[in-house]
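Undergrad: What follows is the residue order along each chain.
Number of protein chains: 4
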Amino acid sequence: MAGNSFGNLFRITTFGESHGKAIGVIIDGCPPHIAIDEEFIQSELDKRKPGQSKITTQRKESDIAQILSGVFEGKSTGTPIAILIPNEDQRSKDYSHISDKYRPSHADYTYQQKYGIRDYRGGGRSSARETAARVAAGAIAKLFLKTKGIEIFSHVSAVGHLESPNLDVSDLSHLLEVRESNIVRCADPATASEMISLIDQVRKAGDTIGGKISTVVRGLPVGLGEPVFDKLHADLGKAMLSINAVHGFEYGSGFTGSEMRGSEHNDIFVKDNGEVRTRTNFSGGIQGGISNGMDIIFRTAFKPVATIMRDQDTLNEAGDLTTISGKGRHDPCVVSRAVIIVEAMTALVLTDHYLRLKAYADEK
Amino acid sequence: MAGNSFGNLFRITTFGESHGKAIGVIIDGCPPHIAIDEEFIQSELDKRKPGQSKITTQRKESDIAQILSGVFEGKSTGTPIAILIPNEDQRSKDYSHISDKYRPSHADYTYQQKYGIRDYRGGGRSSARETAARVAAGAIAKLFLKTKGIEIFSHVSAVGHLESPNLDVSDLSHLLEVRESNIVRCADPATASEMISLIDQVRKAGDTIGGKISTVVRGLPVGLGEPVFDKLHADLGKAMLSINAVHGFEYGSGFTGSEMRGSEHNDIFVKDNGEVRTRTNFSGGIQGGISNGMDIIFRTAFKPVATIMRDQDTLNEAGDLTTISGKGRHDPCVVSRAVIIVEAMTALVLTDHYLRLKAYADEK
Amino acid sequence: MAGNSFGNLFRITTFGESHGKAIGVIIDGCPPHIAIDEEFIQSELDKRKPGQSKITTQRKESDIAQILSGVFEGKSTGTPIAILIPNEDQRSKDYSHISDKYRPSHADYTYQQKYGIRDYRGGGRSSARETAARVAAGAIAKLFLKTKGIEIFSHVSAVGHLESPNLDVSDLSHLLEVRESNIVRCADPATASEMISLIDQVRKAGDTIGGKISTVVRGLPVGLGEPVFDKLHADLGKAMLSINAVHGFEYGSGFTGSEMRGSEHNDIFVKDNGEVRTRTNFSGGIQGGISNGMDIIFRTAFKPVATIMRDQDTLNEAGDLTTISGKGRHDPCVVSRAVIIVEAMTALVLTDHYLRLKAYADEK
Amino acid sequence: MAGNSFGNLFRITTFGESHGKAIGVIIDGCPPHIAIDEEFIQSELDKRKPGQSKITTQRKESDIAQILSGVFEGKSTGTPIAILIPNEDQRSKDYSHISDKYRPSHADYTYQQKYGIRDYRGGGRSSARETAARVAAGAIAKLFLKTKGIEIFSHVSAVGHLESPNLDVSDLSHLLEVRESNIVRCADPATASEMISLIDQVRKAGDTIGGKISTVVRGLPVGLGEPVFDKLHADLGKAMLSINAVHGFEYGSGFTGSEMRGSEHNDIFVKDNGEVRTRTNFSGGIQGGISNGMDIIFRTAFKPVATIMRDQDTLNEAGDLTTISGKGRHDPCVVSRAVIIVEAMTALVLTDHYLRLKAYADEK
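Residue numbers (the numbering used here), protein chains in the order written: chain A, 1 to 364; chain B, 1001 to 1364; chain C, 2001 to 2364; chain D, 3001 to 3364.
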């Protein structure tokens, strides 16, 4: 109820502040007998961690995941899996200059007002560092989904006004390789180069920039999602909107769809090799809130990072005008690291709904 | 878990199919001593009901709400409030021609696959008729919020490519009056006229069209929303995405924000008559998932209605190609009626988070 | 959160006051394709309803259940099943003499203090009439469990100091017949006669008396129940303790078990026709919170009904001493009607855990 | 949903196996500004830990709690409090002889059947070691309740047939001191001596014995508990029944109350120094599921520990008859250590309901 848990049957609870002893997560409801590949979990964390490249923050954190429970002889046992990620490189003194100042467009002011107390170092609980715990849990979910043949692919489809052209998504493994071949994680190499230049230029100007991430899910069976409030896209939307800096979510035709006519938007059912498919996929693979077997398609919009390397006017806790100067080590653009968070949250939603489907199915 | 409940401390559970005996809702967690104005509840339902004007479906349903419990001598008692809305005008035979056909971009196929059985008449549970129950519950939530001085205003800001210019939102009551003065529920009269012509033209062509609804919330205290997964905008996003035909949600700067620089996007704190405010409001009144006292601003995108008055190819349950013809009485554009659903869902989210804030507050 | 829902995957929400328009229940999460036998639901309600015999209240209520949704052509569709039970025979004036008096050992005082407002007629929401909604929902759960070969049997095993001898429970259907052959619902005919005499004598004295109900569940597969907080017996215990007037719950060896040695209490595993069984069943069919395939056995204790036909001292809302006189039509002993409520709550818990088991199972 | 969380607004999630790296707990929903006294938390853990005296297991574990998050400068911040308790003294080889045998009246068989895999060392997740995490969380809850003047007192009221006489409970602090002055934790010194002798004798015989714990809560305001399913005693009952080895729960008059007449059982309201009180307290401080301001009184029954130092027949995983010999270091009677677990679970339930009351209150 205090909002640090996500999911129902596959439920995670995260804890930890940016500059405390550790962050971590408990995953409750992982089915037994899933092979828990610790190297995979670590490789996922490595994709999110700071200090990866010149276009991410230079802060160094090794983000080593320790599994404390729920795994026996390499397999999940059905009991809670706790994962601990100790904090390192805590230059807490970097933050002493802002201990009583409200950073613009950060959560300092709202936390102080809501709780009357906050760990101001590094954003405390509002720090994007919390998402490392989600990535670790998402890796477990991905390992579960892999046993069902379900693939998730996200990439950076826009940085600022720079948009990737539409991709041929017929081979998601190949796209994943292309994505990982560049530091911005865009699966179109030409656009990737432009994006990297743009971010570098923004960084040198002491500024930051927003972007968008596009996601495709393949191999989902028909039937995931509940019809009324827990529609599959409603839960995906909440998952994405819960990620730091996300300001928008759309699936299928999205905002553009609202400008279309029904006669062009309707997805006509066809038979394709004995399978029911739709000719177009404006529905984004979800009809009436329930997966229809087509690719799930959605897009997530991130605002520019709030911490800039420039002086800004602001207020302090006493309510007086003051100036805050840009210090510390921050990302000029968050999307290249957020790709893996988007995938993790997607995996969590899908695993939860997969288990929900199992609970009610098979009676027919 | 089966997805027919929404909210935590202020929790609603809806039931009922389009062509069953009744639909309805139980509201669990309404605080005691709220004056339950039945005329207000009915007036809200009247704004959603079909048959209001030439640009909505001509289906007639009186949608009369009956309160069955939880109210004593005109006030809530703290016990569950059950509201029943009997179904009328059930021309179930209108649907016999589609009993075994999957309407394109409807939920027929996914329901049949998920459950192996469905009430095909009028979409059964996937019918937008279910939202009448949400509007009744939302009316109760609005009555609660009114006691706290919290106002919610939504209007149709786009139909197809037609967009309303930015409004002066200083007087929400006035805007509400303007909105209610035209049948499309756009608060800009000139745009409203154009929208009505456009919808009428689309309707005559046997087609449908999408649109967008913009929402402003005023008077919210600082502190609503939980920091990690249950961010205020994440819960608002899920609420909106759970409404039939919604394909996108954005708050504050939204998708456009993802094209901006941090230096232009950051909302600078200022003191205004002793109050902490921000100079701009790209944050949409929410920072770190928590309300900051500024207006909450968001936008919801609706795809075009799937039922069109034209013949379409499709498949039947046997998997054979067939033709489905447009019949029945349907909306050419759903947004003018959906305005009140958006407000209702907003009210439900805000009331829930208001009570959550109370649970944890005051210890400082 | 306001406490009117029970269960997770098979979740019910009840509403309604004793003297309002109706009471009822929404069942969310009933799997599709369950044959919904309305006559069976009604027969269950008839076993709970008042006015059945000389040892129950003489209040007459027909308790006719109306299914409003979730059933199509006689089968559950997977969508919420709403059941309405209109109130009748509301002699609300019977209660005018107590509108501002706190009846001893009733909920009048606590409701008034908690909510500051209450429907004083007939106990409002604290009335045992609310359990009719549970019985209707429990009947649906029983129909589900029947498809799995799971049987539930409860009977009155004690009234006051009168205890039934241990029964031969090899044939639960036969015991059910015996139970229904007498008005007190004890499956031992000789004890039943004594119980009826005792209750009659208590009733004539204007007094009331408590009792106990014993339950046996047979046919449950191994594996129901979650290991830590949601142990099967913990959920059964909560279910029983949520029934009006219940003051105690024990399973397996229960309170007596706490007086035993481990060497006599341990249930030794044996092989019986290829099945794993235990020689004794002090565990009550549950080990580590999880069903082990043996009979589930538990016992529920009911205090005497608080409303007696005698004058009692009490306080009124102003805090002044006053006298309350016994009026109205009340039960001298509640257990004969509560048998069916105990069975209903048992069915709800088992169905919920059955679905939970399905969600996580089959991965091995 | 997998059952490792407890509570709603004050919600704990535990993790960890007996012989894994660590056990621990996340507490989500602790209000901010609570002084977190780490010494107090440790002193609570010390009361539960093994190896305290000759009548507990001789296994040595220091059970040192490490707070990882949610506390800043000695105070709770409103964010999740994670507590880690590393495992030590893991003589896992002690368990090799039972890796494929089902210990009688343990959870070995049900876990193996439910999950198809289990960490057999020390009972894995079914080990009472899990309760250390509850005690740590309960200590936080006690610190919260202390700020409200709410006291919880439990003691061993029975070991086998040996029952403590009724205590004068007017001074709970004094009783606590008496309780802590003897190793069995009974607040009646004479009975305590007898209990210790009895347990010692049982231990020497290689056997175990059950017992009962009685609890009194004082200082609770009127209004805690929700009226229908989440009655205060129903949630307390579930909490107690979720503790390992508990087979029964009763509150107020309990099982004895079911043998009484209404005329003797009813608690008559009286005015006492301006306060509303009841003359007797058969209701155990709870009426209609809601606290009435009187002492909360309940009793919990524990079966004898299943591990005995004798040879027992049993089955192995292959289903063959085998013998299991008593080895390892185990408790002859669990109640003296369980006293603190009972108090912890009580504190968790009360804190949760306290916050729930706050959410809905104050509107009148």
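Since the hints were made in silico from the structure, they are not lab data.
Mixed in with the good hints there might be a few duds.
Cβ-to-Cβ under 7 Å is the rule here; a few derived chain B residues that face chain A [as the list claims (entries may be wrong)]:
hint, residue
1, Phe1006
2, Gly1219
3, Gly1223
4, Met1260
5, Phe1269
Heads up, the beta-carbon is just placed ideally off N, CA and C, and yes, glycines get one too.
Undergrad: State for each hint whether it applies.
TA: Here is what the structure says about each hint:
1. Satisfaction of the interface hint for B:Phe1006 is found here, the shortest Cβ-Cβ separation to chain A being roughly 4 Å, below the 7 Å cut-off.
2. Violation of the interface hint for B:Gly1219 is found here, the shortest Cβ-Cβ separation to chain A being roughly 16 Å, above the 7 Å cut-off.
3. Taking 7 Å as the C-beta cut-off, the interface hint given for B:Gly1223 holds, the closest approach to chain A being about 4 Å.
4. Taking 7 Å as the C-beta cut-off, the interface hint given for B:Met1260 holds, the closest approach to chain A being about 6 Å.
5. For the restraint placing B:Phe1269 at the interface with chain A, the shortest Cβ-Cβ distance is roughly 4 Å, inside the 7 Å limit, so the hint holds.
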